[in-house]
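These protein sequences, in sequence, are chains A and B. Going by our numbering, the residue at position 153 of the first sequence is 153; the numbering climbs one at a time, nothing skipped. Going by our numbering, the residue at position 104 of the second sequence is 104; the numbering climbs one at a time, nothing skipped.
Just so you know, these hints were derived from the structure itself, not from any lab. Ideal placement from N, C-alpha and C gives every residue a C-beta, glycine not left out. Check the hints yourself; a few may be wrong.
Claimed, not checked - Cβ-to-Cβ under 7 Å is the rule here; a few derived chain B residues that face chain A:
| id | residue |
| --- | --- |
| 1 | M1 |
| 2 | H3 |
| 3 | Q4 |
| 4 | Q5 |
| 5 | Q6 |
| 6 | V8 |
| 7 | Q15 |
| 8 | T109 |
| 9 | I113 |
| 10 | G117 |
Stated by the list, open to error - Calculated Cβ distances over 10 Å to all of chain B for the following chain A residues:
| id | residue |
| --- | --- |
| 11 | R29 |
| 12 | D59 |
| 13 | T111 |
| 14 | L114 |
| 15 | R125 |
| 16 | P152 |
| 17 | Q216 |
| 18 | Q230 |
| 19 | V235 |
| 20 | G237 |
Unchecked claim - Quick list of simulated restraints, FRET-style, between CB atoms:
| id | chain 1 | residue 1 | chain 2 | residue 2 | range |
| --- | --- | --- | --- | --- | --- |
| 21 | B | E29 | A | S65 | 18 to 26 Å |
| 22 | B | P53 | A | E25 | 49 to 57 Å |
| 23 | B | A62 | A | D106 | 49 to 57 Å |
| 24 | B | A30 | A | E25 | 45 to 53 Å |
| 25 | A | Q180 | B | W103 | 45 to 53 Å |
| 26 | A | T69 | B | D77 | 33 to 41 Å |
| 27 | B | A56 | A | E25 | 52 to 60 Å |
| 28 | A | G101 | B | Y19 | 43 to 51 Å |
| 29 | B | V60 | A | A241 | 51 to 59 Å |
| 30 | B | G52 | A | Q68 | 35 to 43 Å |
| 31 | A | K150 | B | L59 | 19 to 27 Å |
| 32 | A | Q180 | B | E114 | 32 to 40 Å |
| 33 | A | S65 | B | P72 | 28 to 36 Å |
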Amino acid sequence: MVGKKGRLLVLDAGSGMRALGANVESVERVDVLITHLHMDHIQGLPFFAPLHDPDTRVDVWGPISTTQTLKERLNRYLSPPLFPLRVRDLSNVDFHDVPPGTFDIDGIQVTADLVSHPGPTLGYRLEEAGRVLTYLPDHEPALGMHNFPKSPEWTSGYDLAAGADLLIHDSQYTDEEYSQRIGWGHSSYTHLLAFAAMTEVSTLMTFHHDPDHSDQKLDEAHERLRATGQDYEIVPGTHGAIFEI
Amino acid sequence: MAHQQQPVEMILLRQLASYLAIPMWMMDEAGNLIYYNESAEGLLGVQFDDVGPMAAEQLVGAWNVTQLDGSPVPDYDFPVVVALSKRKPAHRAVRFQGMDGEWRAVEVTALPIEGQGGRFLGVLATFWEVED
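Next up, chain B with everything else stripped away, as it sits in the complex:
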């Protein structure tokens, strides 16, 4: 059986995210970006329909990210990477540059998504702008 479909948990998560007013970002189990909602578009500086799904390797460097003081954030310490690689929740405050060129201070919380039967399905991240 060919697989063209996302797991139903991710389908329902996307549908929920599309209704929510908090920014949400979804990655599959391989770290590919599969969706972010309209609320996230303002912070990321680009509409999801304009960039579409992005492979994990495309994400590296797509958005510039630093710590709040401007020093670098190691990739392995970024919340979505922690949730993806260690499969546990992670949180961090960072500054990042949206695709519109604007730098913003945000807090990021990422959660691993586990489905029935212990299936690791991906990562859900939410973020919100904070006072710089």
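This is chain A alone, in the form it adopts within the complex:
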């Protein structure tokens, strides 16, 4: 995400980080907002070129823990034998433990809150000049609900997503798949549509596709989602997609 002042914010640090880093030129500062420390959300971090550029300041934000700092937890991955460098070798990088709450990054208001997913997991709401982007890549708001959704008060992620111009949301499973994977921390298409409708977003981007779903299967699923005739726009999350909010 690029803010109005040109600040680059990166949402999570998955496998796309290497390509992103290779295409970032003369950036003075990058902020990386990590939702949680499952491998698919941090595996690209060591390969992000600005991390190794002493002229670029990198701020990494992630969920707080009761036992270790974010830096200590990431050091378990960013250290030998898994990686040749250690976190302490990255003098241009600062790590920030993020409790639920709101903070400011160069005029962008960032609200972080815990959401329903195994292990402490944050969702992010980014607001600037009245426009809102909400990022909930791993989210199972229907967990344990008999009839989802019930009310905003008892729905994980509601405050983060309410009225968002763009909601980027977990869309991992078909309804049939979800019934076999309850508690794994992800959403079914039906739950996704219900959540987006409840939160009254303008645009829903499906995201965190199941790796076992082929492009053809995803295309067919999106056709079915669009055919449900929702009040909001539904767009598929794809590599290289650009949105102006």
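Following the hints, complete the assembly by docking chain B onto the known chain A.
Relative to chain A, chain B alone:
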């Protein structure tokens, strides 16, 4: 950002409580009753859907409570009040009168709920009927 939603820890706690067969009672950080489960309804003498959430001030006197010998229990000594005000677990055996008019002897254990980042979120209490 307007807040309409409970913290996710409380949402997940409610969902867990709704599945359990032990009576459970939940209050938010201000002492408002936000939920009790179906198992608790039998002891409290009223269904949660019939009373709904209750503000802290409504709870005072909503259920008559005494010690097992019938003497009064000071409010500050009641387990949920201790967990709420001192933020530490508390336990006590009491008699109380459900909204169905029945007096029951119960043991009450209350726990403060603390979320990540040291956020105090409320109180969870469980109770069970004992021989009077």
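Going down the list of hints, with the structure as the test:
Taking 7 Å as the C-beta contact cut-off toward chain A, the hint placing B/M1 at the interface holds, the least distance being around 6 Å. Proximity of B/H3 to chain A holds as hinted, the smallest CB-CB distance being about 6 Å (cut-off 7 Å). With a least beta-carbon distance of about 4 Å to chain A, the hint placing B/Q4 at the interface is held under the 7 Å criterion. For B/Q5, the interface hint holds, the least distance from its beta-carbon to any beta-carbon of chain A being 4 Å, beneath 7 Å.
The interface hint given for B/Q6 is met, as the beta carbon of that residue sits about 6 Å from the closest beta carbon of chain A, less than 7 Å. With its C-beta approaching chain A no nearer than about 5 Å, B/V8 sits inside the 7 Å limit, and its interface hint holds. Nearest Cβ of chain A to the Cβ of B/Q15: about 3 Å, under the 7 Å cut. The hint holds. For B/T109, the shortest C-beta to C-beta distance to chain A is roughly 22 Å, which exceeds 7 Å, and the interface hint is violated.
A distance limit of 7 Å between C-beta atoms decides the matter here; for B/I113 the minimum to chain A is near 13 Å, and the interface restraint is violated. Of the supplied interface hints, the one on B/G117 holds, with its beta-carbon coming within about 3 Å of a beta-carbon of chain A, less than 7 Å. Annotated as non-interface, A/R29 keeps its C-beta farther than 10 Å from every C-beta of chain B; the closest such distance is 25 Å. Against chain B, the non-interface label of A/D59 holds: every CB pair exceeds 10 Å, the least being about 19 Å.
Separation of A/T111 from chain B is inadequate, the least Cβ-Cβ distance of about 6 Å not exceeding the 10 Å criterion. At the 10 Å boundary, the C-beta of A/L114 falls inside the reach of chain B, the nearest C-beta of that chain being 5 Å off. The claim that A/R125 lies off the interface is violated: its Cβ sits roughly 7 Å from the closest Cβ of chain B, which falls inside the 10 Å cut-off. Listed as outside the interface, A/P152 is inconsistent with that label: its C-beta sits roughly 4 Å from the nearest C-beta of chain B, within the 10 Å cut-off.
With a closest Cβ-Cβ approach of about 35 Å to chain B, A/Q216 is found to remain outside the 10 Å limit, as its non-interface label requires. Against chain B, the non-interface label of A/Q230 holds: every CB pair exceeds 10 Å, the least being about 21 Å. Here A/V235 stays apart from chain B, with its beta-carbon at least about 24 Å from theirs, past the 10 Å limit. Every Cβ of chain B is farther than 10 Å from the Cβ of A/G237; the closest lies at roughly 23 Å, confirming the non-interface assignment.
For the pair B/E29 and A/S65, the beta carbons lie near 22 Å from each other, so the given range of 18 to 26 Å is met. In this structure the hint that B/P53 and A/E25 lie 49 to 57 Å apart at CB holds, the actual value being about 54 Å. Taking the beta carbon of each, B/A62 and A/D106 are about 50 Å apart, inside 49 to 57 Å as hinted. At about 51 Å, the CB distance of B/A30 to A/E25 agrees with the hint of 45 to 53 Å.
Between A/Q180 and B/W103 the C-beta distance comes to about 48 Å, which sits within the given range of 45 to 53 Å. For A/T69 paired with B/D77, a C-beta distance near 40 Å keeps the hint of 33 to 41 Å intact. Here the CB-CB span from B/A56 to A/E25 is close to 57 Å, well matched to the stated 52 to 60 Å. Against the hinted window of 43 to 51 Å, the Cβ-Cβ separation of A/G101 and B/Y19 comes to about 30 Å, which falls outside the hint.
Between B/V60 and A/A241, the C-beta spacing of about 56 Å keeps the proposed range 51 to 59 Å intact. Checked against the given bound of 35 to 43 Å, the beta carbons of B/G52 and A/Q68, roughly 41 Å apart, stay inside it. Taken as a hint, the range 19 to 27 Å holds for the pair A/K150 and B/L59, whose Cβ atoms sit roughly 23 Å apart. In this structure the hint that A/Q180 and B/E114 lie 32 to 40 Å apart at CB holds, the actual value being about 34 Å.
The hinted window of 28 to 36 Å between A/S65 and B/P72 is violated, with their beta carbons roughly 44 Å apart.
Against the hints set out earlier in the document, violations occur for numbers 8, 9, 13, 14, 15, 16, 28, 33.
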